[in-house]
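Number of protein chains: 2
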Amino acid sequence: MQLKNDLLLRTLNGETTERTPVWMMRQAGRYLPEYRVLREKYGFFERCQTPELACEITLQPVDIVGVDAAILFSDILVVPQAMGLEVQLIESKGPVLPDPIKNNNDLQRVRVPDVNETLGYVFDAIKLIKQELNGRVPLIGFAGAPWTILCYMVQGKGSKTFDEAKAFCYTQPELAHQLLQMITDTTIAYLQQQVAAGADTVQIFDSWGGLLSPADFEELSLQYIRQIVTVLKEKIPVIIFAKGAWHSLENMAATGAKGLGIDWCIQPERARQFAGKDVVLQGNFDPAKLLSPIPVIQKEVKQMLDAFGPGNHIANLGHGILPNVPVDHARAFVDAVKNHKHHS
Amino acid sequence: MQLKNDLLLRTLNGETTERTPVWMMRQAGRYLPEYRVLREKYGFFERCQTPELACEITLQPVDIVGVDAAILFSDILVVPQAMGLEVQLIESKGPVLPDPIKNNNDLQRVRVPDVNETLGYVFDAIKLIKQELNGRVPLIGFAGAPWTILCYMVQGKGSKTFDEAKAFCYTQPELAHQLLQMITDTTIAYLQQQVAAGADTVQIFDSWGGLLSPADFEELSLQYIRQIVTVLKEKIPVIIFAKGAWHSLENMAATGAKGLGIDWCIQPERARQFAGKDVVLQGNFDPAKLLSPIPVIQKEVKQMLDAFGPGNHIANLGHGILPNVPVDHARAFVDAVKNHKHHS
Chain L
1 MQLKNDLLLR
11 TLNGETTERT
21 PVWMMRQAGR
31 YLPEYRVLRE
41 KYGFFERCQT
51 PELACEITLQ
61 PVDIVGVDAA
71 ILFSDILVVP
81 QAMGLEVQLI
91 ESKGPVLPDP
101 IKNNNDLQRV
111 RVPDVNETLG
121 YVFDAIKLIK
131 QELNGRVPLI
141 GFAGAPWTIL
151 CYMVQGKGSK
161 TFDEAKAFCY
171 TQPELAHQLL
181 QMITDTTIAY
191 LQQQVAAGAD
201 TVQIFDSWGG
211 LLSPADFEEL
221 SLQYIRQIVT
231 VLKEKIPVII
241 FAKGAWHSLE
251 NMAATGAKGL
261 GIDWCIQPER
271 ARQFAGKDVV
281 LQGNFDPAKL
291 LSPIPVIQKE
301 VKQMLDAFGP
311 GNHIANLGHG
321 ILPNVPVDHA
331 RAFVDAVKNH
341 KHHS
Chain V
1 MQLKNDLLLR
11 TLNGETTERT
21 PVWMMRQAGR
31 YLPEYRVLRE
41 KYGFFERCQT
51 PELACEITLQ
61 PVDIVGVDAA
71 ILFSDILVVP
81 QAMGLEVQLI
91 ESKGPVLPDP
101 IKNNNDLQRV
111 RVPDVNETLG
121 YVFDAIKLIK
131 QELNGRVPLI
141 GFAGAPWTIL
151 CYMVQGKGSK
161 TFDEAKAFCY
171 TQPELAHQLL
181 QMITDTTIAY
191 LQQQVAAGAD
201 TVQIFDSWGG
211 LLSPADFEEL
221 SLQYIRQIVT
231 VLKEKIPVII
241 FAKGAWHSLE
251 NMAATGAKGL
261 GIDWCIQPER
271 ARQFAGKDVV
281 LQGNFDPAKL
291 LSPIPVIQKE
301 VKQMLDAFGP
311 GNHIANLGHG
321 ILPNVPVDHA
331 RAFVDAVKNH
341 KHHS
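For the record, the sequence lines run as chains L and V.
Here the numbering used here is used: the first residue of the first sequence is 1, the next is one more, and so on.
Here the numbering used here is used: the first residue of the second sequence is 1, the next is one more, and so on.
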């Protein structure tokens with residue numbers, strides 16, 4: 001089906017479009033009262049696993065704040081779940097994996113699953129979303145980067161430093177690479193099926209890539225992301241968002257990814273210099289800035305868009321939207337991007 | 001008194017020394033069994049406020065792991081405490097300030113105190129430490145950067161994002177700047193008295209500087225750090241450690257600080273390029289890497305020292321040592337630096 005709004009895809013394909021496309025990480029989430037209603041009624045995985053609910057949640061921000069793309073409502077931790085680990089998601093305290101991977105024995109509990117068997121509900125949701133979107137905007141699929149998934153599988157919960165995950169990699173590197181490869185193989189199959197079901201582009205979230213030194217980022221993260229991009233880029237444009245890994249923008253661009261997410265801690269001009277001229281940059285508004293008064297949001301969005309310049313840019317936050325952002329502030333962000341005129 | 005080991009000070013003064021000096025952030029801390037004994041017996045602030053205990057703890061790593069500098073045992077949160085806020089430090093859960101600053105009314109509770117009255121125990125500890133050190137190694141004093149102190153005063157506890165602190169600054173910028181200036185004035189007086197009591201150098205810890213965009217880092221953090229450095233640098237060399245704020249290394253060097261701390265997420269070569277050729281760089285071993293087997297630690301320390309090259313470098317971790325690091329791994333780190341030969 002022909003898309004009515006294909007700004008995002010044309011931008012990812014290198015076209016300079018009539019205006020900058022905009023979406024927000026975690027746009028289908030807790031800041032929306034309509035989402036909170038469903039959150040009261042259904043558990044997290046129930047919302048992920050019921051295609052009608054995942055579809056309704058995915059579409060909410062398209063209708064309510066007017067973003068230029070929908071992103072599948074799901075969670076990166078459905079992958080370790082499909083690989084055989086128990087995952088509990090209590091939203092007030094974050095994810096818990098009660099039996100994390102600590103040694104070779106634990107690794108025996110992990111498998112590369114048949115994704116159609118274990119994650120079929122995601123592909124069903126994607127088909128339903130595509131139908132309900134009816135070509136209004138493109139749909140973004142996603143998965144976690146293998147390193148970030150390993151962080152949770154080994155640490156067993158969220159962490160500021162993920163030092164248990166790092167210690168696992170530093171003391172048992174062979175096991176770590178086995179596990180990373182299993183996650184990679186699962187993720188490739190998972191994203192391929194997301195695309196087969198209708199995802200127009202996919203984003204790889206490496207939320208904890210920025211905890212690694214540049215050398216370790218290559219060793220533990222990027223070499224696996226590269227495998228994923230290599231397979232997927234043949235079919236759709238791929239976006240990598242490795243939060244904080246500014247030092248490897250050049251290497252990430254060299255994977256063949258069409259888009260690279262950046263956070264607000266790097267100036268757009270510097271990110272462009274590091275990433276090279278061809279790749280699309282995505283970001284990089286400080287999510288906490290959406291708590292500012294609306295005129296401040298408008299002023300700062302303008303500054304951001306001017307710094308990125310026209311073309312090769314997707315406007316977004318530099319991380320997920322915060323739950324306490326007023327909806328009209330989120331809408332002000334989106335509208336400010338839509339109304340911006342680049343000087344030529 | 002003449003120092004027997006003045007490697008750190010000579011390095012900060014721009015001399016190329018016979019070898020690279022080494023110390024570790026949080027070297028006086030929980031990884032040491034000798035520290036844990038005192039931790040069982042005395043509360044956190046009791047340890048800070050009793051000069052004999054602070055002295056004993058400060059000296060432990062000098063004796064046990066052989067670092068080239070002692071750093072005062074204390075906490076950055078003694079400053080908000082001296083300014084009138086209650087601070088609870090429960091080490092298993094982190095700091096809690098039960099009555100944080102949210103508005104103008106709250107700000108009335110905060111004062112710029114007489115530091116001799118409120119923080120005299122720190123200066124007494126420094127005098128005692130200097131006496132007990134007896135010239136073996138220099139003593140580093142320290143304080144938190146005003147932005148980092150504001151984070152705790154407003155958020156009231158630790159946080160990954162400190163978005164309440166940021167929202168305070170974005171929605172009530174005048175109050176934020178009033179508070180930052182009060183913290184700055186207190187910190188200048190506090191560090192001046194540390195120097196008067198005998199501190200040979202001071203480090204300013206901006207643990208949360210890296211959460212800010214480059215523009216906000218200048219606005220909310222660096223302009224206040226600059227005030228502190230401007231006064232202090234007349235007397236002793238100053239080190240700034242703004243974790244994650246790689247984007248502002250050039251501006252930090254321009255304050256006149258003699259040393260800049262960096263974390264492991266930036267290559268030494270790149271940090272040098274950003275910071276310019278004159279300033280001393282301090283860092284940048286990944287603290288989690290100290291959990292690696294000792295031969296790996298030795299190999300990686302060598303790589304780090306080679307990357308920094310001889311001179312203008314103080315070996316350190318890129319953040320505080322983790323409590324679960326074996327003491328012989330910490331010693332292996334220190335020894336690897338001491339035994340390293342730079343090729344000339």
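Since the hints were made in silico from the structure, they are not lab data.
There's no promise every hint is true.
Said to hold, decoys possible - On the chain L side, residues computed to face chain V include the following (Cβ under 10 Å):
1. Glu40
2. Gly43
3. Gly158
4. Ala167
5. Gly210
6. Pro214
7. Gln227
8. Asn251
9. Val296
Unchecked claim - Just the calculated beta-carbon pair ranges, DEER-fashion:
10. L:Gly135 to V:Gly276: 19 to 25 Å
11. L:Asn5 to V:Gly276: 56 to 62 Å
12. L:Arg36 to V:Asn103: 39 to 45 Å
13. L:Asp278 to V:Asn13: 17 to 23 Å
14. V:Arg39 to L:Asp278: 52 to 58 Å
15. L:Glu86 to V:Gln181: 50 to 56 Å
16. L:Lys235 to V:Glu18: 56 to 62 Å
17. L:Thr161 to V:Gln131: 32 to 38 Å
18. V:Gly158 to L:Asp278: 38 to 44 Å
Everything numeric in this text was worked out from a predicted model, so none of it was measured.
Built from N, CA and C at the ideal position, the CB exists for glycine as well.
Go ahead and decide if the range 56 to 62 Å is satisfied by the Cβ distance of L:Lys235 to V:Glu18. The hint (56 to 62 Å, Cβ to Cβ) holds, given that L:Lys235 and V:Glu18 are roughly 59 Å apart.
Please check whether L:Gly210 passes as an interface residue: C-beta within 10 Å of a C-beta belonging to chain V. 6 Å, holds
19 to 25 Å as the expected CB spacing between V:Gly276 and L:Gly135, which holds or is violated: 54 Å, violated
Does the nearest C-beta of chain V fall within a distance shorter than 10 Å of the C-beta of L:Val296? Interface hint status for L:Val296: holds (7 Å vs cutoff 10 Å).
Do the beta carbons of V:Gly158 and L:Asp278 sit within 38 to 44 Å of each other? 41 Å, holds
Against chain V, is L:Ala167 within 10 Å by beta-carbon distance? 4 Å, holds
Given a hinted range of 32 to 38 Å, is it respected by the beta-carbon distance of L:Thr161 and V:Gln131? For L:Thr161 and V:Gln131 the Cβ distance comes to about 37 Å; the hint holds.
Just to be sure I understand the hint, the distance between the Cβ atoms of V:Arg39 and L:Asp278 should be within 52 to 58 Å; is that true here? Given about 55 Å between the Cβ atoms, the range holds.
Restraint satisfaction for L:Gly158 [CB to CB of chain V, less than 10 Å]: Since chain V brings a Cβ to about 8 Å from L:Gly158, closer than 10 Å, the hint holds.
Cβ-Cβ distance between L:Asp278 and V:Asn13: within 17 to 23 Å? 46 Å Cβ-Cβ, so the 17 to 23 Å window is violated.
Check the following: the C-beta atoms of L:Asn5 and V:Gly276 are separated by a distance inside 56 to 62 Å. At roughly 47 Å between Cβ atoms, V:Gly276 and L:Asn5 fall outside 56 to 62 Å, so the hint is violated.
Hold the hint about L:Asn251 up to the distance rule: shortest CB distance to chain V must be less than 10 Å. For L:Asn251, the interface hint is violated, since the closest Cβ of chain V sits about 12 Å away, which is over 10 Å.
In this structure, the hints that do not hold are numbers 1, 2, 7, 8, 10, 11, 12, 13, in rising order.
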